[in-house]
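Combine the two chains into a complex, taking the hints into account.
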Amino acid sequence: MKKLFYTLVVPVSVWAIMELLSRCFAGVSVIANSADMKSLFRTLTSTFCFAMALNCNVPMGRMDLSTGAQMYLGCILGGNIALKLGFGGVGVLIGSILVGCLAGFIVGVVFINLRILSMVLGLGMTLIYECISFASYKQQGLMLFGKPGVGILSNIWFIVSVAAMIILFMTYMLQLSVFGYKRRAIRGNQKLAVDSGINIYINCLICYAMAGALVAVSGVFDTAFKGTLNPVLGMSSNNNTFYNMFPMRVGMFLGVFIGNPIIGIFASSISLNILILGMAKLGLDQSLQTIIIFSIFLFFMIYNMNQEKLEYNKRKRERKKIALQHRREMKEMQTQVNRNHITTGS
Amino acid sequence: MKFKKNLVVLLACITMFFLSACKGSASTSTIASTTTPESSATTAPLATDKAPAETPQDFKTFKIGVVEKQATDETVVRREFYENFIAPNYNVQFIFSEVITDVEGEVNFIENCADAGVDAIICMRGGTDAYQLSQIAADYGMLYLYQGRREAAADLFVADYDNFIGAFGASLPLMTKAYSDYLAENASDDGSEGFIILSSDASKGNLVQTDLTVSILQVLQDKYGLTYEKDLKTLAISDAPTIVKNNKDIAIYIYPGQVKQDGWLEGVSSALQSGRYGYLISTLQSYTQTSVVVDEVERTFDKNITVMSMGTMGDALTTAMNTMDKFGNPSVDFVALELTSIKSAGNFAMVYNALTGHKDNMRGSDGLMSAFDYNRIFLTSPEQLSVMEDWDMNGKWAVSREYVDGMLGIYHSEITADDIQEHLNTVTSYEYIYNYLEG
Numbered sequence: 001m002k003k004l005f006y007t008l009v010v011p012v013s014v015w016a017i018m019e020l021l022s023r024c025f026a027g028v029s030v031i032a033n034s035a036d037m038k039s040l041f042r043t044l045t046s047t048f049c050f051a052m053a054l055n056c057n058v059p060m061g062r063m064d065l066s067t068g069a070q071m072y073l074g075c076i077l078g079g080n081i082a083l084k085l086g087f088g089g090v091g092v093l094i095g096s097i098l099v100g101c102l103a104g105f106i107v108g109v110v111f112i113n114l115r116i117l118s119m120v121l122g123l124g125m126t127l128i129y130e131c132i133s134f135a136s137y138k139q140q141g142l143m144l145f146g147k148p149g150v151g152i153l154s155n156i157w158f159i160v161s162v163a164a165m166i167i168l169f170m171t172y173m174l175q176l177s178v179f180g181y182k183r184r185a186i187r188g189n190q191k192l193a194v195d196s197g198i199n200i201y202i203n204c205l206i207c208y209a210m211a212g213a214l215v216a217v218s219g220v221f222d223t224a225f226k227g228t229l230n231p232v233l234g235m236s237s238n239n240n241t242f243y244n245m246f247p248m249r250v251g252m253f254l255g256v257f258i259g260n261p262i263i264g265i266f267a268s269s270i271s272l273n274i275l276i277l278g279m280a281k282l283g284l285d286q287s288l289q290t291i292i293i294f295s296i297f298l299f300f301m302i303y304n305m306n307q308e309k310l311e312y313n314k315r316k317r318e319r320k321k322i323a324l325q326h327r328r329e330m331k332e333m334q335t336q337v338n339r340n341h342i343t344t345g346s
Numbered sequence: 347m348k349f350k351k352n353l354v355v356l357l358a359c360i361t362m363f364f365l366s367a368c369k370g371s372a373s374t375s376t377i378a379s380t381t382t383p384e385s386s387a388t389t390a391p392l393a394t395d396k397a398p399a400e401t402p403q404d405f406k407t408f409k410i411g412v413v414e415k416q417a418t419d420e421t422v423v424r425r426e427f428y429e430n431f432i433a434p435n436y437n438v439q440f441i442f443s444e445v446i447t448d449v450e451g452e453v454n455f456i457e458n459c460a461d462a463g464v465d466a467i468i469c470m471r472g473g474t475d476a477y478q479l480s481q482i483a484a485d486y487g488m489l490y491l492y493q494g495r496r497e498a499a500a501d502l503f504v505a506d507y508d509n510f511i512g513a514f515g516a517s518l519p520l521m522t523k524a525y526s527d528y529l530a531e532n533a534s535d536d537g538s539e540g541f542i543i544l545s546s547d548a549s550k551g552n553l554v555q556t557d558l559t560v561s562i563l564q565v566l567q568d569k570y571g572l573t574y575e576k577d578l579k580t581l582a583i584s585d586a587p588t589i590v591k592n593n594k595d596i597a598i599y600i601y602p603g604q605v606k607q608d609g610w611l612e613g614v615s616s617a618l619q620s621g622r623y624g625y626l627i628s629t630l631q632s633y634t635q636t637s638v639v640v641d642e643v644e645r646t647f648d649k650n651i652t653v654m655s656m657g658t659m660g661d662a663l664t665t666a667m668n669t670m671d672k673f674g675n676p677s678v679d680f681v682a683l684e685l686t687s688i689k690s691a692g693n694f695a696m697v698y699n700a701l702t703g704h705k706d707n708m709r710g711s712d713g714l715m716s717a718f719d720y721n722r723i724f725l726t727s728p729e730q731l732s733v734m735e736d737w738d739m740n741g742k743w744a745v746s747r748e749y750v751d752g753m754l755g756i757y758h759s760e761i762t763a764d765d766i767q768e769h770l771n772t773v774t775s776y777e778y779i780y781n782y783l784e785g
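If you read the protein sequences in the order shown, they are chains A and B.
Going by this note's numbering, 264 is the number at position 264 of the first sequence; the sequence numbering is gapless.
Position in the second sequence (from 1) plus 346 gives the number in this note's numbering.
Okay, chain B solo, but in the shape it has when bound (with noise of 0.2 Å):
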């Protein structure tokens, strides 16, 4: 009876603390910050004045909630980033979501921040419902910064509510012109070798991936002169697989779904089993996943497969870009690579710029907040990865503490949306980063 009673208060005690490690949708505390940090602010950072401050140290500690869509090595590198660097310079702190994948899981995180003391909430999760949860943060006094593209939140922008801070996504005109470029190069003259499009999230509403997957669509008929039945839009957001016909009987073959949806790997794998393609082309990243179906494909038909992807610097890519195939080749022979720390540097410039007060610097021509872009790296041999394997690693940081000053309103206080989008675009190319970290 006594060893019972001991093991009911042994197993609440265990029950209490993983509850509280993992408690609701914030998993983390983290205090980053060395001076002293203040108490939580009673005032709505939406009242901060334009006071002029010299430095950080001249403001209170603010608190940050980040919301987090996966768990990837993107996470765990920004996770990094914000508490080993931003942090500390800025006088700030983080707190960090689970990984939260609808509404519901967002609110219960914004709550669990209100009851936190923070400042300002910076989504990740992207999706179509950034005009709700902004309000939800509105009524909590939080600032709201979204990741993803204007058009996805276009209801946002409109309404220009005093909590919304703008938008920041990757560069779509880039992305697609190195597609392009890529498959102009590689692909053959004929397009006998087909193509499978992981269209992802387009059928949801995902405006990256439907656009990209146009863009690749667009890339296909240029090259082969193709003439599709549908329009590429119709083509691009089907929401089951679908082959495209076209006049030149080339095979493409769209594939919607996440990864991490049941059946889904199942449907790829069974289109590649058909033989029938040569190209496995991903809106996201998905390389680590399909990697064995590919493999397997490629022994059984002895026929290459070249693939092309979404990705960010881990142990994932570099196990992918050094695990060579039958054919001598990498599992993936082409990433559009986001560096996380550049990602994250213009989502917490946008955020600071508003706690500080010079939230209208970020205002566009048309007095409305913007929506900046950054821009991706593209990766097509595993000599460039060797070289850039600790990026972002480690404190080996693609961005300087410079870079982030650069679009800070406190050391420019006359900075507008077009300087910072300007030096966002500084960062363009694997060349420009390599010169900063290895030159």
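The following block holds chain A by itself, in its conformation from the complex (with noise of 0.2 Å):
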């Protein structure tokens, strides 16, 4: 019940505050139609799995900065293989995933061989992912409005369908798994694990080549929405890859209290996503929407890395509290003694 209650108090608070705002300033509801709600599943989906790319690998010490290029390579190649193979919707996205997954692979086993700091290979592979997508087809990447069979990508039960494939997968492989086991505990302490006889280079890998397919499966509903994805250059893929740290590090931290990271992520993307929806409903203009989001980031941002310090100086304060009442206690029981000292012993 509990567990329940700390899935649904941040998303439920998050759309009964713009539920209201909506409601005020608009008129209209967060989620008015069935259109609307086609639009949260799919934009959910696409920050949900680019969440869960980033939890694969950031929680472990790389900060992997070519997940956003990967998506374009997965999706631009990918896609467009299965495009011209006549594959519909379902073969595109099974397509991405395969070259996602290659991507990001490739970036695990440079990483594992040449051991550069993950952020500064991030940025190697970006460049390079970068110029193969634009060099690509024609530098039109990929488009699929008007593909035949690509429908099926806004279908509302197949994004809810392939959303919790990819929920009980990722449980299933970062919960319960042996390769989950031994993930957290190399995240624990990297040494005792390879000591203990872990491998960690394979878990690297699959964290690498996970992070990869999940990229693409975000790039392809992504890319339904909006008709198609341009490549792009100057490490501008990055920008996805930022942000879409802020549902990871607040379902991360909702996963605490959940005990599962993956369904606290999930928590994190509804609740994101509605709150784009509802500043998208009053109007709110781009520039001024993306300062609210990165604001409230950085203030979560504050609380988390001081998390530790308020716990001190919370318990600091109830020992104090503790310690006062102690001594008013004691003093109350001197003077009580020494009343009954007068009393009697005079």
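Wrong hints could be hidden among the right ones.
No more than 20 Å apart at the CA atoms, straight line, and that leaves these computed lysine to any residue pairs for SDA-like [what the hints assert, rightly or not]:
#1 Lys351/B - Lys138/A
#2 Lys138/A - Glu429/B
#3 Lys672/B - Gly146/A
#4 Lys415/B - Leu553/B
I should point out that these hints are in silico values taken from the structure, not numbers from a laboratory.
Note that the structure is a prediction, hence the values are computed from the model and not measured.
In structure tokens form, the structure reads like this:
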């Protein structure tokens, strides 16, 4: 019950606030019709998958900045190959996952062999992957608009099914499987994990490959919504990485209370997308929306980074309170003793 | 250990290969001339004298840098036109940039072009910083052509620097008339369907989009006898989504921003999902991005949404015109179409005249360099597009060698700015180009 409460409290609170603001200032509900619901689920799945991809590596101390570029590469190459072979939306999704997985795997191989700092490596691989995506298919990227058979990518039940499968798969992989246990052991203390016989390299490769596959899923649904995915250069693909750090971090925080970081990330993704939908309903400018979102992220990070200090101060205040109370009791006792002494001992 | 060494060497080579393939802002150097290219000029093109020449082969192989602001069908078509038609016929080489969206990127590209011996820059990016960039080009001895409206680069015209060639932009009167005629003919008598206007970069000083937004508001004002609470220009350049209040409570909504901005599509989707708007009028090419949200809203509300947009020939337009919504209408109902070859031919002619010593032929009656206009053509049916599908593709250009020659000073030494504009105006309509290509 408690876990359910923690799962729902943030999304429901965000929805309630945005619903109130939306009705007061715009005269409409945040989720007014099925088109709103479809739009929410689609963007939610995209955000959730990207945040999960970041969750594969970031908690392990690997800040992989090439996830955005892996998304572009996976979708553009995998998606176009699938379309050329005449596969529909499901084919595009599977093709993108395979190429994205390969792209992530390659980054992992380079990382474990060259031992370059993951952030630096991520930047380098971003440049390479962005160039490949840009040079392919006459710089046109991936266009899903009007292509036969891709309508399924906009079908709400398909989107829900994919999201559910990803939740189940990632819960199994990260929470219940041997791989997940090993991953947590490595996260706790890498040296101890190595000494206990865990192959940290295989674990790392699997994490990178999973991240690549997940960002590709995110990219496919995003492209299905926007109709096209144009390649970018100059590390512009990093925008997606930084943007999705927010739901990933909040999700990990919630996951501590829920007991499952995957559900936590899902809840935070819902919250973020309801917030964005609400701000869109209010007609806020995009730059203002960005300021609001990243301000909330900043405040959350400040709180998160200083949580221990806050806990320490709280315990200190409690100890002080107990100490003061004890002192008062001692004083009263002493006063009582003195009074008795005066009464009887004179 | 040996494996790691070999891997490092291999990766270093791959990185160098890709970095050189995508180096700086100059993505390719194209050698498209069939004649032996002369060595790069040590003389700045500004100093080219007006010695008469009969043919392009009498001149050195000029190098022209093209600044691109987006990666769309137009970019691809322009590249093919320049590389496969202009370069072999006029003894020139082209260098194309990657997508450049800011001043720093363009400065970087200009510097790279200077290293490559480029003689002139065609800036397709537009923007309000042409004055600064023209100066940078001048420092490197390069000529500079601005793609856009005269008003956006007014300082440049007044300053009349030696390296400034002029400007080249879309003809606004024809475009606004076409939008106006379509709305007058197709919009309802009471305006009850509601109108969303995507004003794009009007809030950032893009004059074409500002003027087009103002014109659309004017059209609606005239058609329905509206009185707005604010003046048209103030409404058009608003940088936040704006409900245009009027005396008849007709739903008009102005939505600014670029397609590639985060959250732009979500905002458009949100506005459409209110169910209050039946017209989506765009001052930029956006039918690919908005098609899904328009289709979903049409299905949810069982209401047709008419889409009007700018566009260029290519796969995206073909798909949009041939993809039907649930009412049997194409995904985009009206397109103000730009044939890239017409636009690119005009740009080239201006630059080539300046390079061959005929820069002064392009001065207007005020003695300053000219801002020339080109025309768009307007599509309203898939049948028209089916005829045009292969226009500006695979060598089937909407302009001929004679059309380009007709604007060049090397063939018409007494040509004037008015002559050039009149020549540009000969391509005025779908019917004209149809007769040329299909007749």
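For each hint, the structure was consulted:
For the proposed pair Lys351/B and Lys138/A, the alpha carbon gap of about 35 Å is over 20 Å, so the pair is violated. Restraint check: the Cα-Cα separation between Lys138/A and Glu429/B comes to about 15 Å, which is no more than 20 Å; the hinted pair holds. Distance restraint check for Lys672/B and Gly146/A: the Cα-Cα separation of roughly 13 Å lies within the 20 Å cut-off, and the hinted pair is therefore satisfied. Using a Cα cut-off of 20 Å, the hinted pair Lys415/B and Leu553/B holds, with the two alpha carbons roughly 16 Å apart.
The earlier numbered hint that this structure contradicts is number 1, and it is the only one.
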